[in-house]
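Asks: Chain residues, written in single-letter form:
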Amino acid sequence: MPPLRKMPPQIIRLVLLTIGIVCVYFTARYFLTPPSFGQYGHYRGKALQEIAAREPYWAGRNTCDTCHGEIVQKLAKAEHKELSCETCHGVSKAHVENPEVKLPKLSYSLCVRCHEASPSRPKWLHQINVRNHYTGSVCTECHVPHQPNEVP
Amino acid sequence: MSENITRRSVLKNLAGIVGGILAAPAGGACKAAVKNVFASSPAPPGYDPTQHKWLMALDVNRCIGCGMCVQACIEENNVPESHYRTWIERYIITKPKAGSGQVRGETIVDSPEGGRKGFPEALVPKQDILKSFFVPKLCNLCENSPCTQVCPVGATFDAPDGAVLVDKNYCIGCGFCVQACPYGCRFFNPETHTADKCTLCYHRITRGLKPACVEICPSQARIFGDLKNPAPEDPLQRFIANNRVEALKRYLGTGPRVAYAGLDEEVR
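So the protein lines, in turn, are chains A and B. Residue numbers for the first sequence follow the numbering used here, beginning at 1 and rising by one. Residue numbers for the second sequence follow the numbering used here, beginning at 1 and rising by one.
If you are wondering where the hints come from, they were derived from the structure by calculation, not from laboratory data. Just so it is clear, CB atoms sit at the ideal spot from N, CA and C, and this is done for glycine as well. Certain hints may be false.
[As the list claims (entries may be wrong)] Label pairs and their in silico Cβ distance ranges: (1) 135/A to 97/B: 17 to 23 Å; (2) 117/B to 150/A: 29 to 35 Å; (3) 142/A to 230/B: 38 to 44 Å; (4) 174/B to 147/A: 53 to 59 Å; (5) 27/A to 250/B: 43 to 49 Å; (6) 46/B to 101/A: 29 to 35 Å; (7) 90/A to 126/B: 28 to 34 Å; (8) 90/A to 220/B: 16 to 22 Å; (9) 229/B to 27/A: 42 to 48 Å; (10) 97/B to 68/A: 52 to 58 Å; (11) 237/B to 90/A: 21 to 27 Å.
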């Protein structure tokens, strides 16, 4: 191999230029790569925490259980045992923060939303043709939502 | 002039600039600024994404099409109007024409407002319906997700815990991923100007809660669980054990993970 000085000048320039470009690339990468990049993969690890940082909206059944354990236990024995409290009663966040805030009163449209007969609904579900079944607007006259098998 | 600017002098200057950048104390400030932009707000402590593998399963036989899950998702995640992270499709398969020798007639699929307000009565008369059912849809949590492969800036990724997430600070809103998803599970959020999708309610599952749609579903049509840490009598394990499960569009090779029970061949 010829000594460096004997290398053709155009090759030396090319080598220097290449080294320069590589240096610029690594410098830029050092400053522009976010700190947590590559923590789990080819993305920002912190992004996971940022996405998780939001506050949940629905409180969940366990939250209701802390104050209304009796009702939750009663419900757990009845037909509607799989339902979350918030499915019918709506989001309870404001109520949890201040128990004085009452949850909205429920209307019969909520019952109908699930129990109105439809050919698309699975056969195991109790379905009614509302018009033939009842003409009023208070399902709770005859049904107890927490214990659907009971008669009030 | 051309004699003054030689290749050598340009290279010398370039080297000087590079050296300057390396040496300048401004470099430290620049790094700090980048750090600041991407500083994260407090997240639930102690959550290690490598210790979990989340999965959602859907029981088509249990879905009653009430649309509570769609509404719950919209409220939980502030999903903009007429966009859906999860939605319900109603399949109506009509009876074949008499004497046609076919198994089934026409397949009609609808999803008014994603099903968020429930479903109005079908336009097909009841006596013409061979069968009808509801199919809840959401991100299929693909193993080889095409949406993350097409992202030109690495803003979307498969998290180690199974969720496919979008890094909103990196997304440039090009919309490639929206087109790449064969399930139509992504959309362009007009408020944030980024791609948006089901995160499996990442802010809920990292806190030990169920995703909003699973929490609100009144009929146990949605089952959610952790494959790495199954709970005692885990509903997900029980569901997988007791049902013949299938995934949507498996032939595309995207490795969809969301398990469906009771699928009909017409479901795409």
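Asks: Are the hints correct? Go through all of them and say.
Replies: Structure-based check of each hint:
1. 135/A to 97/B: 17 to 23 Å: 40 Å, violated
2. 117/B to 150/A: 29 to 35 Å: 30 Å, holds
3. 142/A to 230/B: 38 to 44 Å: Holds - the Cβ-Cβ distance for residue 142/A and residue 230/B, about 42 Å, lies within 38 to 44 Å.
4. 174/B to 147/A: 53 to 59 Å: Holds, at about 54 Å.
5. 27/A to 250/B: 43 to 49 Å: 46 Å, holds
6. 46/B to 101/A: 29 to 35 Å: 32 Å, holds
7. 90/A to 126/B: 28 to 34 Å: With a Cβ separation near 33 Å, residue 90/A and residue 126/B satisfy 28 to 34 Å, so the hint holds.
8. 90/A to 220/B: 16 to 22 Å: Roughly 20 Å apart at Cβ, these two residues keep to the hinted range, so it holds.
9. 229/B to 27/A: 42 to 48 Å: Because 44 Å falls inside the window, the suggested range holds.
10. 97/B to 68/A: 52 to 58 Å: 56 Å, holds
11. 237/B to 90/A: 21 to 27 Å: 32 Å, violated
Of the hints listed earlier, those the structure fails to meet are numbers 1 and 11, in rising order.
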